[in-house]
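**Student:** Residue numbers (the numbering used here), protein chains in the order written: chain A, 1 to 406; chain B, 1 to 663.
Please keep in mind that the hints were generated in silico from the structure rather than gathered at the bench. Source: prediction; values computed, not measured. A few of these clues could be false.
As the list claims (entries may be wrong) - Partner residues aside, some chain B positions facing chain A, computed with beta carbon under 10 Å:
hint	residue
1	H11
2	G87
3	H88
4	E124
5	L156
6	K641
Each residue gets a CB set at the ideal place from its N, CA and C atoms; glycine is no exception.
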Amino acid sequence: MANCFALIGWSLPVIESMQKSEKPFVVVSFPDFESYAKEHHIPFVPFQLDEWGSHSNSLGLAELLKPHGVDVAVPLYEETVEWAGALNSFYRNDPRVLNRAFLFRNKAMMKRKALLGGLKVGLFEEVHNHQQVHEFLDRLNEANLQLPGEEDAWIHVKPFASAGTVGHRFIKSREQIDQKIQPADFPCLVESHLTGREFSCEAFIHGGKVRFLNITEYVKLGYSNFIPAGPELEGKRDLIHREVQKLVDIFGIEYGMIHPEWFLNENDVLNFGEVACRIPGGHILELASKAWGFDALQAFVLIHDPNMSEEEIQALFPPQDYHPETYYGNVMVFPRDGQITKLEIPEELLEEPYFLDHNLQQPLGPMKIGGRAGFGNHFGTVNFAGDDPKRMAELLKHYEDVPFYV
Amino acid sequence: MPVALSDRKAHLQQSIQEFQDVLPLYRDQKLERLLGQIDALLRLPEGLELVYEVLPDLLEAGIFQQTAWEHPAQLVPGLVKGTLLAGHPNSTLEILSELRMLALTRGELKHKSFAAAKARGFLENVLVKCVDLAFGEFDHSFWSVYSKGELKKIKLLFEKLLRDIPLQSLRSEFEEEVEVMVHHRAIFPRRLEKMLRVADQHLELSATRQGDTLLRERVNSFLRPTRLAAESESLEAYANALPRLRQRSLEKECQNMGEQMAEDGLVSPFHLPLLRHVAREHPQLVPQVLSLDAHGRAEYERHEAFVRLLIEEFLVPATRYAIYGLNQVMQRSLFSRQITWNALNRLLRIKIHPQVAETLEKSNPTDHQATAMQLLVGGLLGVLGHPLGVRQGNNPTCQSARGISMWSRHAPGKLINLLIDAATANNVAFRFEGQHIKSATETQGLIRTFDYQLDPVSVVLVPHLDKVYNKMMTLSQVKYPGKDPHVIVNPAFYGHWIQTGFRSVYNPVIGAIDRYDSFVRIFFASFHPEYNGGHHIIYPVPLGIFITDSHANMLGFHAVSLLRVDRDDRGIWRAYFYNPNSEGKQNWGQGIMPTVYDHGEEPGESSLPFYQFAARVYAFHYNTIRLEDKAGKVSEKQVRKVRQLAQNSWGKAYNWISTSETA
Chain A
1 MANCFALIGW
11 SLPVIESMQK
21 SEKPFVVVSF
31 PDFESYAKEH
41 HIPFVPFQLD
51 EWGSHSNSLG
61 LAELLKPHGV
71 DVAVPLYEET
81 VEWAGALNSF
91 YRNDPRVLNR
101 AFLFRNKAMM
111 KRKALLGGLK
121 VGLFEEVHNH
131 QQVHEFLDRL
141 NEANLQLPGE
151 EDAWIHVKPF
161 ASAGTVGHRF
171 IKSREQIDQK
181 IQPADFPCLV
191 ESHLTGREFS
201 CEAFIHGGKV
211 RFLNITEYVK
221 LGYSNFIPAG
231 PELEGKRDLI
241 HREVQKLVDI
251 FGIEYGMIHP
261 EWFLNENDVL
271 NFGEVACRIP
281 GGHILELASK
291 AWGFDALQAF
301 VLIHDPNMSE
311 EEIQALFPPQ
321 DYHPETYYGN
331 VMVFPRDGQI
341 TKLEIPEELL
351 EEPYFLDHNL
361 QQPLGPMKIG
371 GRAGFGNHFG
381 TVNFAGDDPK
391 RMAELLKHYE
401 DVPFYV
Chain B
1 MPVALSDRKA
11 HLQQSIQEFQ
21 DVLPLYRDQK
31 LERLLGQIDA
41 LLRLPEGLEL
51 VYEVLPDLLE
61 AGIFQQTAWE
71 HPAQLVPGLV
81 KGTLLAGHPN
91 STLEILSELR
101 MLALTRGELK
111 HKSFAAAKAR
121 GFLENVLVKC
131 VDLAFGEFDH
141 SFWSVYSKGE
151 LKKIKLLFEK
161 LLRDIPLQSL
171 RSEFEEEVEV
181 MVHHRAIFPR
191 RLEKMLRVAD
201 QHLELSATRQ
211 GDTLLRERVN
221 SFLRPTRLAA
231 ESESLEAYAN
241 ALPRLRQRSL
251 EKECQNMGEQ
261 MAEDGLVSPF
271 HLPLLRHVAR
281 EHPQLVPQVL
291 SLDAHGRAEY
301 ERHEAFVRLL
311 IEEFLVPATR
321 YAIYGLNQVM
331 QRSLFSRQIT
341 WNALNRLLRI
351 KIHPQVAETL
361 EKSNPTDHQA
371 TAMQLLVGGL
381 LGVLGHPLGV
391 RQGNNPTCQS
401 ARGISMWSRH
411 APGKLINLLI
421 DAATANNVAF
431 RFEGQHIKSA
441 TETQGLIRTF
451 DYQLDPVSVV
461 LVPHLDKVYN
471 KMMTLSQVKY
481 PGKDPHVIVN
491 PAFYGHWIQT
501 GFRSVYNPVI
511 GAIDRYDSFV
521 RIFFASFHPE
531 YNGGHHIIYP
541 VPLGIFITDS
551 HANMLGFHAV
561 SLLRVDRDDR
571 GIWRAYFYNP
581 NSEGKQNWGQ
591 GIMPTVYDHG
601 EEPGESSLPF
611 YQFAARVYAF
621 HYNTIRLEDK
631 AGKVSEKQVR
641 KVRQLAQNSW
651 GKAYNWISTS
661 ETA
C-alpha cells in the first residue's frame, strides 16, 4: 500500500472521497487554495503549477513532498498530467513514465503512437497555418476521390493539449477553415472526421491490465451521458475491452485510469478518437459510482498505487459478474445564446419518474449568453435515474433542447 | 406516468441521508442537489406535504447550517417577500424556513430559544406583509418577470399557511398594518388596496371591537365611500345615477367623497366617475370633490381649464390614484410656478419612446387599459403631489428613490425635465467632474431583476438614475481611492442642495470607526434645534444609516433623508425622515422602533427620538460655515447615550480606534 498519495490539482469530490478512505494523501495546488485547505484540515503543499523553470520544477516539487512521504502522484486535471508523470518517474525509477505523460498531452504524438501500434485512427497532421489546413483538405479530398461539385470532407481542428472539447473546431466546408480557425489556434492538430457512434470508457489499470471497465453512453457529446451504457454498446463489451487493452499495451500504461473516446461504426470497427488520463468531465465518475455501487473517485486515486495487493484491488471494484440494473444519466444545462432573465423549470420534469434532482440556480440578473468552451461553463446539471436505457436516452435527448433559462 | 409518492419519499430520504453523511468539504455540492430536489417537490401540493413531513430530518441533517436561515430568532418577516421572489435556491430555503415556523407553531418541532408563540407571531407577520402573495392571482403582467414555477411554489406555501393560521385570527395585525400603510402612504398603495379588498371579502369584523371599527371605516372609505356608492351595484350604475341627483345631493356627494380622500389619502374607485361627471357638467363643484383648501381653490380658479383637461384626458381608472396627487399638487400651487407650468406643458406634448411606452404599460398597476401618456402623467401628479410616497419596491435603489422624492419637493422643474429626457430618448445625461455620463451608454447598475411594482415616474427614471449613480461611484472610487465616494457623488447626483461638509463614522484608510464622538457632536450641532441655535433644517439631508435587526445586529446600509427635527406633542425631540423602503413600522433593536403615525408625523414620514436616530447614522452632509463652535456645546452625557447605543449594535461589527478626539 502506498505511503502517501500526492493529488496534483484541485477537486473537492476527490478530496472528499480520500478523506472518507482514510488513506494518507496530500494535495498539491496553487497557493490560492492554501487558506481553504487549512480551514478544512486538508494536508496541502502550495505550488505554482503553471510555472516551470529552474526555480519551479519536478525536482523541487519532489523535495517539497518528501516530508509527507509521498510515493504516488495522481493528476486531477489535464494540465497536471506532466507533473504527476515526472514525479512518478522518480518514484518508480522509470524515466519513460514521464514520456508517457507527454503522450496524453500532445494529441499529435498520441495519434502517432496509436497508429504505430495498430489502432484505427483517421488521417491527421500537425499544422502551423491556414494554408496547411487547406493543403490537408486537398489531400483528404483527393484520397476520397472527390469529383468536382461534391462536398468537402469533414475535418476537426484541435489544440494539442486541451481537455475535452475546449478549442475543438468542426470544419464542414473549405470556407469554414478561414472563418472558424483563429491565428492563435496554431500550431494544432487537424484530422479527418471519424464516423460511428461516439462513446467513452473509463478503464482502471493495474500492472498493465484493465481491471475494471466502465462504458459511458454519450447521448450528445458534452451535453448528456448515462451509465451503464445501453445494451447495444454493452453488447460489444468484449470487443471494447480488447481494444482498450490494446491501447494500454501500445502506450505501455501500467497504473492509473484512462478515459479514451471511441467511435464504433456499423461494421463493429472501433476508431480511436483520443485518450486522457485524468478525471473525465460530465460528472462521469459520479454517475459510475451511483450505477456500479462503488467509489469511482477513490478507485481512480488508489489504482495509481503500484503496491496494491490483489485483494485490495478487488475490493475497490464491483464483482466481475455484476451488472447494474438502474441507469444513471445527466443533462448539462447550457443557456441558449441571447438574453436570459430567469430559471424556468418545465412542469413536465416534475412529473417525470426518472427525474432525480438538479442544481440549477436563478441567475443573479439578466445576462447575455454567447458561446461555450469545453464542458467548463455549464450552468448546472439535471440528474435522472431509471431502468430503461431507451427511455433514458430519449429523455436526455429531449431535455438537451428544453430551455431552462429564458 | 405519474410518480408514486412512496418513490419520491424514498428518494428524498436517500438524498437527505447522503447530505448528512457527506464530509464538510463537499457539503455545498450535495446541498445544491438536495435543494434542487426540494425545489421540484415544492411545486406540487403532495410534494409540499412530503417536504413538510421530512422537515425534522432536513433540520437534523443541518440544511440551514451556515445559511442566513440558521437561527429563527434572527429572521425578519419584512424580508420574506423579497426572498420568496428571488428564485431558487433562495426561495426554496425561504419556504423551508416558513415550514419550520409552521412546525414550531404546531408544536411538531421544538427549538430551544424560539417558542411556538414566537413562531406563530412570525408567520402572522409574514402573512400580513405578504397579502399580495398570499391572495395573489399572479395574472397581472408584472408578475411575468418571475418564473411560473416559482409563483406556484409561493401560492402553495401560502395556501398551506392559511389553512393553519386563518386570516380571521390575524385581525389585529391586519388592522395595524393597514393603519401603518394609510399613514406611510405610497403613491399607488397597491398593497393597501389589496389588503382592504381582502379584508372586505375574508374578514368578519365585529361591531364592537375598536380595531374592527377602524378597519371597517377604512374598508368603507375605499369601497363604499358614500351612501350612493354603497347602494350602487357597480361603478357603472353609480355613474348612471349621478346625472339624476339633485344639486343639493350632488354637492353633498362631492363633499363626502372629497373628505373621505382627504382623511386617509385613499382614492375610492367611485371617486373617478364622480370627478369626471362634475368636471364636465358642474365644474364649480370640482374643488369640493377634490377637497381643496384655500390655496387649492385659488389654484383652480386660475387654472380651471387646465385642470379640467387633466381630468378629462389623463385621469382614467388606471390612474385613479392621481386624484389625490392632483389635490396635493394644487394645494402646493405648482401650476402657478412658471418653471413647473412650462415643464408640465412640455411633458404633455412629448412623444414617448416605444421602449419606455412598453415599460409603462407593463407596469400598469391595474387591470385597466391606459395609454403610456396617461400612465406617465398620472404618475407624475402622484409624485409631485406626494413626494414622500416614492418607494423603491424590491429594488436596491434607495438613492434613486431619494433623489426623485427630493427633486419633487424642491425642484419639480428639474424632475420633470429629467423625466422628459428619459421618456422621449430613453436616456438621461448628468455632468460629473467635467465629463458627461449618459445612462443609455452605461450598462451596469445595482439593479439585477427590476421590480416594476413602482409608480410610473420611478419605473421610467430609476433604471437610468441607478446606472448614473453607479457610474459616478465607480469613477470616484478610482479617482479618489481611500475617500468616501459619497462625498463627491451626492452633490453631483442630487444637486446643489447637498451641503459641503461631510462626516462619516468610518475611516477607510485605517478600516475602523474613528472619532465617533465628534461625529455625534456635529450631527447634533447641525440639526438639533436645541444646539444649532433654534433653526429648522432648510433642505432635506441625505444620510446613510446602518440597518439593524430586532436584536440590533448589523444587517446592511440604507439611504434615507432627514426632513425635520421637531418636538412631538409629548415634548420629545424627534427626527422626522423619509425612508424609501416600503415598510413603515420597523424594529431596529434596542427599543428603536421607527413609527409612521401618532408621533406628529406627516403622511409619508417616519420618525424616531432624535438620539435614537443619531445612533444609526453613519454618514451625513452638513453646513461647515454655520457650525462655528456649536459642536463643543453638545453635552458629554448626550454623546455617551448615543455612543452606547451605537457600540452595542452595529458597532459590534467594526473596530473602533478612538471616540473622544474632537473634530
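**Student:** Hints first: check each against the structure and report whether it holds.
**Tutor:** Now for the hints, and whether the structure bears them out:
This hint holds: H11 of chain B has a C-beta 7 Å from the nearest C-beta of chain A, less than the 10 Å allowed. Because the beta carbon of G87 of chain B sits about 3 Å from the nearest beta carbon in chain A, less than 10 Å, this interface hint is met. Hint status for H88 of chain B relative to chain A: holds, with the closest Cβ pair at about 5 Å, below 10 Å. At about 28 Å, the closest approach between the beta carbon of E124 of chain B and any beta carbon in chain A exceeds 10 Å, and the interface hint on this residue is violated.
Because the beta carbon of L156 of chain B sits about 12 Å from the nearest beta carbon in chain A, more than 10 Å, this interface hint is broken. A least Cβ separation of about 41 Å between K641 of chain B and chain A goes past the 10 Å threshold, and the interface hint is therefore violated.
Checked against the numbered hints given earlier, the structure breaks hints 4, 5, 6 and satisfies all the rest.
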